[in-house]
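Visitor: One line per chain: the protein sequences are A and B, in this order.
Under this note's numbering, the residues of the first sequence are numbered 318 to 691, in order.
Under this note's numbering, the residues of the second sequence are numbered 311 to 838, in order.
In short, the hints are calculated from the structure, not lab data.
Among these hints, one or two may not hold up.
The calculated label-pair distances, taken between Cβ atoms and stated as ranges, are [to be verified]:
#: 1; chain 1: B; residue 1: K806; chain 2: A; residue 2: G372; range: 52 to 62 Å
#: 2; chain 1: B; residue 1: A625; chain 2: A; residue 2: S347; range: 28 to 38 Å
#: 3; chain 1: B; residue 1: L607; chain 2: A; residue 2: G372; range: 18 to 28 Å
#: 4; chain 1: A; residue 1: A494; chain 2: B; residue 2: A625; range: 27 to 37 Å
#: 5; chain 1: A; residue 1: I453; chain 2: B; residue 2: L556; range: 25 to 35 Å
Simulated crosslink set (EDC-like; lysine to aspartate or glutamate; CA at most 20 Å straight-line) [to be verified]:
#: 6; chain 1: A; residue 1: K388; chain 2: B; residue 2: E380
#: 7; chain 1: A; residue 1: K549; chain 2: B; residue 2: E380
#: 8; chain 1: A; residue 1: K549; chain 2: B; residue 2: E816
#: 9; chain 1: A; residue 1: K393; chain 2: B; residue 2: E816
#: 10; chain 1: A; residue 1: K393; chain 2: B; residue 2: D813
#: 11; chain 1: A; residue 1: K388; chain 2: B; residue 2: E816
#: 12; chain 1: B; residue 1: K506; chain 2: A; residue 2: E399
#: 13; chain 1: A; residue 1: K476; chain 2: B; residue 2: D774
#: 14; chain 1: A; residue 1: K476; chain 2: B; residue 2: E378
Nothing here was measured: the structure is a model prediction, and the numbers come from that model.
Backbone N, C-alpha and C fix where the C-beta goes; we use that ideal spot for every residue, glycine too.
What follows is the residue order along each chain.
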Amino acid sequence: MRVHAKRAGVLLGGLMAPALSTADWTLNMSPGVTGTSNDIFSLHMTILWICVVIGVVVFGIMFWSIFAHRKSPDRKPANFHENTLVEILWTIIPLVILVVMAIPATATLVDMYDTTEADVDIKVTGYQWRWKYDYINDDFGYFSNISTSDDEIYNRTEKSENYLLDVDNPMVVPVGAKVRLLLTANDVIHSWWVPEFGIKKDAIPGFINEAWTRVDEPGIYRGQCTELCGVKHGFMPVVVKAVPQDEYDDWVAEQKEAAQRERELTQKDWTMEELMERGEKAYASACASCHQADGSGSPPAFPALKGSQIALEDMDAHLDVVVNGVSGTAMQAFGDQLSEVDLAAVITYERNAWGNDTGEMVTPKEVFEYKNQE
Amino acid sequence: MSAVADTHAQDDHHHGPAKGITRWLLTTNHKDIGSMYLIFSFTMFLLGGAMAMVIRAELFQPGLQIVEPEFFNQMTTMHGLIMVFGAVMPAFVGLANWMIPLMIGAPDMALPRMNNWSFWLLPCAFLILVSTLFMQGGAPNFGWTFYAPLSTTYGPPSTTFFIFAVHIMGVSSIMGAINVIATILNMRAPGMTLMKMPLFVWTWLITAFLLIAVMPVLAGVVTMMLMDINFGTSFFDASGGGDPVLFQHLFWFFGHPEVYIMILPAFGAISHIIPAFSRKRLFGYASMVYAVGAIALLSFVVWAHHMFTVGIPIAGQLFFMYATMLIAVPTGVKVFNWVATMFRGSLTFEAPMLFAVAFVILFTIGGFSGLMLAIAPADFQYHDTYFVVAHFHYVLVPGAIFGIFASAYFWLPKWTGHMYDETLAKTHFWLSFVGMNLAFFPMHFLGLAGMPRRIPDYALQFADFNMVSSIGAFMFGATQILFLVIVVKCVRGGEKASAKPWDGAEGLEWTVPSPAPYHTFSTPPEVK
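Only chain B is shown next, with the shape it has when bound in the complex (with noise of 0.2 Å):
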């Protein structure tokens, strides 16, 4: 195959990348706006990281010792923000940037000013978020979640910013989907039917349905609250004749598809990753096409799961709670098409695989979590406790996260030109193993013992579960500047990697040279 494009050989458009600054300004390369998408996305994860740590820090021990309360809120608010909107969706979106065209045959994006546009939008909406920090009467502090009337009539006044920098967000997100919609549906090399297409890619043009359809809602929502902050309406205030209860609707009827548009494209990464590394063909790639359908769709009509307490007719309890039940055979059906991948394979287990192979059973582990607080009885118990924060830590660490170490190691000899430090890696996946589970292990046994979310101190029963999760929360902390390391050790050397670094790797990315030239598939490659 010899789509590769020769600077060179090619006309005077096909040139290499601007000088300086404005090559990062301007550029419309999907390359470097991935890259760039990559590097703000980990920058907001040390942030949001060293959120958690203050967070960690007061709860080492009961009674406040740090922090007050009213930092406390701010910390476990921004902490959320960040990482859902900062470090996990922009780096999936870095990700998406930089493989789709390489795994499509494409020579860009299809719409790169836009591209461009998009990811500068994102340090502006952070610019503004994190600023609320320093502002008259502090950031965000009503949760992640910005329940109203405790956002709306009781916010701080920052609230207004928050608000801006969501829209921001939000117009970038949208924007981002678009974007790989019209790229996957126009500009795959001729051959490559849907039912061809990488499995990162179909996860992917899902996930950006997704977006299209949520975003907005959010975007609804969080214009309710500036209007009933600023302009006197009641849409969520019960003493105008508002409805708190709608909030929580419409925020979660974004807010779930929220959680899946997180974990479907790891789950796509993982599904080249461990056929690499086990040097067998993903196991039922039809099923696991559907079955990704299935849970998007699924996504839409669970999100009152979230609101068991709030009081909804029974009629409504039990549809919630069967159909949040049935997404437990989609997921099921993927994981063990993972596992029926691994077996009889020959496997190793280099950084990527190990960090798949976690993200297999930890994410699986979070899968069990929560088919019990599925169970709206239970969930009565479990609701707004630790278990929850257990929960969904187990299936954004080891999931969302796991997935994009998995693979930033799996696609960075190809990125970069350069093998990695294969030992430093593995002592990064096996630190941050341990330190993950045992910050978040003893979380199930917290809130099944009763401790609420969300407080800056707790009774004494807590304290030797919350001592040992704080420890491993520094340690999983600490051990991330590591991936810094490794990084930028393999940005500038190392071993030379070859076009197709993983023997058992298959898909056209691995068809370009290594690093990948700046100009990919100008000529589209032919798929049989």
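So here's chain A without its partners, still in its complex pose (with noise of 0.2 Å):
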């Protein structure tokens, strides 16, 4: 059965090779670069192919019918309405047809869901609308955003080769080693997809669900959120840069370093001018797609901070909302999503941005205090 399935694909590969010259015209699923993925390419092959066998029986008699039985002077119809051998042939065959395909599907979902003795572990979070990945085994994580401006989407640029493919920090793997991912959500529902590897698995908030690859061939894999998540969920790519074992640790070890960097840099003693630098990026990437870049918001969902109460009055409730979140809309705590220097950066950002002159700044120190005293 298998093998039929490849060379059937080899076949249709073969006769849809000028297509595939120019990308722009694929018309087929690609069999990817996993064990996964080529399973589930030989069984789309199998039973695309038995349509196809099915359809040109049926279609054929019927355009027979068509043709051969069009109305005529000296044509009389059949008068034949039931034949019992024809009716339960015509329903045993599909059924058979039906059982053998399920066993080769039965036997690649088994293997789908055998996530155990994993070498590699990454925690995936979908929020609006990026991506997280915690290498839990490692102690560090990391979001990544899309990295396509707003001048390609807009058209004011040239679109690049990746436009809207493209992310600032992809997710990194090494080569051959069994990754399991633990996927979750902080908001709403979303959906982690990289075709090459024949993985889609739903992130939903209060799940914790399960898969697996296994990348053989080092290359940078591209995919995106899968499932509606809101107004920007055409543009929450996901980037996998599968590398060889060697690269990953040095990789994992630099992570590693920069992370212990990260927290120690809480114990600085920030000024006002360095907050506001770091703040500027750090809205960039967690606030902007929201609350826009120069703090207009999108009301009602939305609102502004542009001359908000929260950004220009008591310091204490624009902590709790940065950190805490409201529950009930969609302002999500940011409390362990950001760490707390980029916390206090982003909100001396906002108390000192876009004409929002309070002058006041909170350091990384204050914003430890703040979280940890309850």
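Using the hints, put the two chains back together into the complex; each one sits in its own frame.
Guide: Listed below in structure tokens is the structure:
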């Protein structure tokens, strides 16, 4: 069955080779780069060819009737209207085909569900509208935001090659290792998909879903969020970089060190200028997608921060909103998403940008104390 | 058969239609109500279609050109809701109102006043739904499947109005269904046993039971949303101990039978049209009835195939995969029966037959992609991509919509007393056929290449097929104006239609004159 499927796949691939040379007219699914995606591709080709064969037979008979049995003066319609044998046959035969099809499908499914004995565990959290990757065995994690500019989206500049499919920090996985993904979400349901891995799994608030993959070839693989998750659902790409094991180990060591440095920054004495500079960047990545880069928001769902009561008045109230979120609204709790430094920088920035001239700042140490006061 | 009520020969109870607007507001006549349902449905079809045009215009090229993502999401949501609840369902209720009494030899529907009410609820429901477009925060923007918590915690303020509109539509549908069941079970002409009923009546009887079974579930799920939004409960809010996946189970327990609600009556109508233009009896009447029954029963145990990626346990995954694959068997039986009916018939291809033949071919293609989607591991790649969009448009456009067009052309002479313009109707068919395939076939390729659905903008490799698809969609959309022209022309005049304008057609509806008098079958006909 599988062998036939592969042969069939190759055949179709051969027919479409001219089309594939211009990637734009791609007609078929990609076989992908993992065992799972190859299995899925075989299933896909098998069922496709079964459908094609049935279609040819059924439509063939139908077209034969259309051409041969048209009304003409000497044409008398036949009178039959049932035939038990034929009716039993065309019930049994499809049933047999389905059973034959169900066997490899079941085997692939069982394999896909086997998430045991993973080498690397990565927690994937969906946020509106970015992904967070936590390497839970190595104690670091980071956000992955779309890096396509608004200018490209609004047609003010030429679109780059990986338009809408590029991020600032891709997920990095080692080649040849079994990577287990633990998927969840912070707000609404998202879905994490990389076509070439054959993984698509929903990230659901309150649930932890599991999936696994073993990537055999180094490379950069791209996908997108596939569950409608709000206004920027189409702008939430998934990018995974598969690298050789030693390169991966170096990268992990680097990330751990950087995470350590970040933690130390909390203790540093920050100046207003430093916080504002850092705040602008942190705001752009964490807040601007809802509250807009100029703080104008998009009411009523996302209120403006420019000139708002929260940003101009009581500091503790401002801290509370950012750290704990506002329940029942789209405002998330950022306390666990951002470092103390970024929280302090964002709050300081919001209180002093776009004409919000409070002149007040909050330091990472104060944020740390606020978070740990209870 | 002299069952036709001649208004002059009857006593005073049987008068013609009232004059002016009150005729339509207060009517309890199944033909008037049927016409109103059909007109309402076509209005909604144009409105939902206009929204589809906005969607396809934005997707014509990569980048954002015409609308913002926020409005785009409102368009996809409203397009889906209006087409499902406003266009397809009311069209079939309209056909049921017109044809079921005529087909079973009944003078009217069993519950005529409720019939009037269930119609007039619909314009109210859709007035509320469409008005959300003008509210602050905009219309619902969470897709026609309105998954929580996107539609609850994160929904726009207008969501409560949407919920109210869904409740009203549900009430209307349930009353319509009760009426259909009461009519069919109680008012058949003497001698018409269940297994002698026309197939359109059979499919509608089964559809009505599906409606009664699942519309309350929909009402329940939107009520839970209402509570979550306005009264602080947490049915679907994980942070309050709720379960977002529960929403999907409830929604699809409604949603899967719902898709059969939209297709079964079309199966019935096609089972009249193909024999009529093949001049040959329907092949396998009994197996057709059993197949529809089997499809309806299976529809209750396959819902989680819409949820293969939510992480249900493997045992559940396997159960829903096998159950879904099984649906291919009765559906296959129906297709084989239609083809066998055509085989060695004496075929002509007037507009109803053209739409019916296209129905069989294109619906089967939609069925094939459905079978592919049933294979759970493969579904991981297809799910929520344009492959799914292609699939359900192949079953709904050439399925439900072509079924409705075929029925409309088939019975227009009976409704209006005139023949429609065959040349224009054939033009309507061919333009629709080409436009529809141009619009939806490339979506298979887009989905397989990895384009997710419900996105306002896409990566560059999807550009070419999207442009083709948009051109097809514009063609299909513009063509539907032609249908309006054809129907108006047919209502106003044209060649006089005889009582039975199609020489191969069978059934009681062809025993009354064309146009069908305001009151028919005041005395029940005898069925041998």
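Visitor: Using the C-beta atoms of L607(B) and G372(A), is the stated range 18 to 28 Å upheld?
Guide: The hinted range 18 to 28 Å holds for L607(B) and G372(A), with Cβ atoms some 27 Å apart.
Visitor: Is the hinted range of 28 to 38 Å satisfied by the C-beta distance from A625(B) to S347(A)?
Guide: 30 Å Cβ-Cβ, so the 28 to 38 Å window holds.
Visitor: Would you say the C-beta atoms of A494(A) and A625(B) sit inside 27 to 37 Å of each other?
Guide: Cβ of A494(A) to Cβ of A625(B): about 29 Å, so the range 27 to 37 Å holds.
Visitor: Quick one, are K388(A) and E380(B) close enough, alpha carbons at most 20 Å?
Guide: Not satisfied, since the Cα-Cα distance of roughly 54 Å exceeds 20 Å.
Visitor: Verify the CB-CB distance for I453(A) and L556(B) against the hinted window 25 to 35 Å.
Guide: Given a distance of about 28 Å, which is inside 25 to 35 Å, the answer is holds.
Visitor: If you draw a straight line from the CA of K476(A) to the CA of E378(B), is it 20 Å or shorter?
Guide: Holds, at about 18 Å.
Visitor: Taken at face value, is the distance from the CA of E399(A) to the CA of K506(B) at most 20 Å?
Guide: This hinted pair holds, its Cα atoms lying about 15 Å apart.
Visitor: Can the restraint linking K549(A) and E816(B) be considered satisfied, given a maximum Cα separation of 20 Å?
Guide: violated, 55 Å
Visitor: Measuring from beta carbon to beta carbon, are K806(B) and G372(A) in 52 to 62 Å?
Guide: About 42 Å separates the Cβ atoms of K806(B) and G372(A), which means 52 to 62 Å is violated.
Visitor: Are K393(A) and E816(B) close enough, with their CA atoms no more than 20 Å apart?
Guide: Since the Cα atoms of K393(A) and E816(B) sit roughly 17 Å apart, the hinted pair holds (cutoff 20 Å).
Visitor: Can you confirm whether the C-alpha distance between K393(A) and D813(B) stays at or below 20 Å?
Guide: holds, 14 Å
Visitor: Verify the proposed pairing of K476(A) with D774(B), using a straight-line Cα cut of 20 Å.
Guide: holds, 15 Å
In summary, the structure is inconsistent with hints 1, 6, 8 from the numbered list given earlier, while agreeing with the others.
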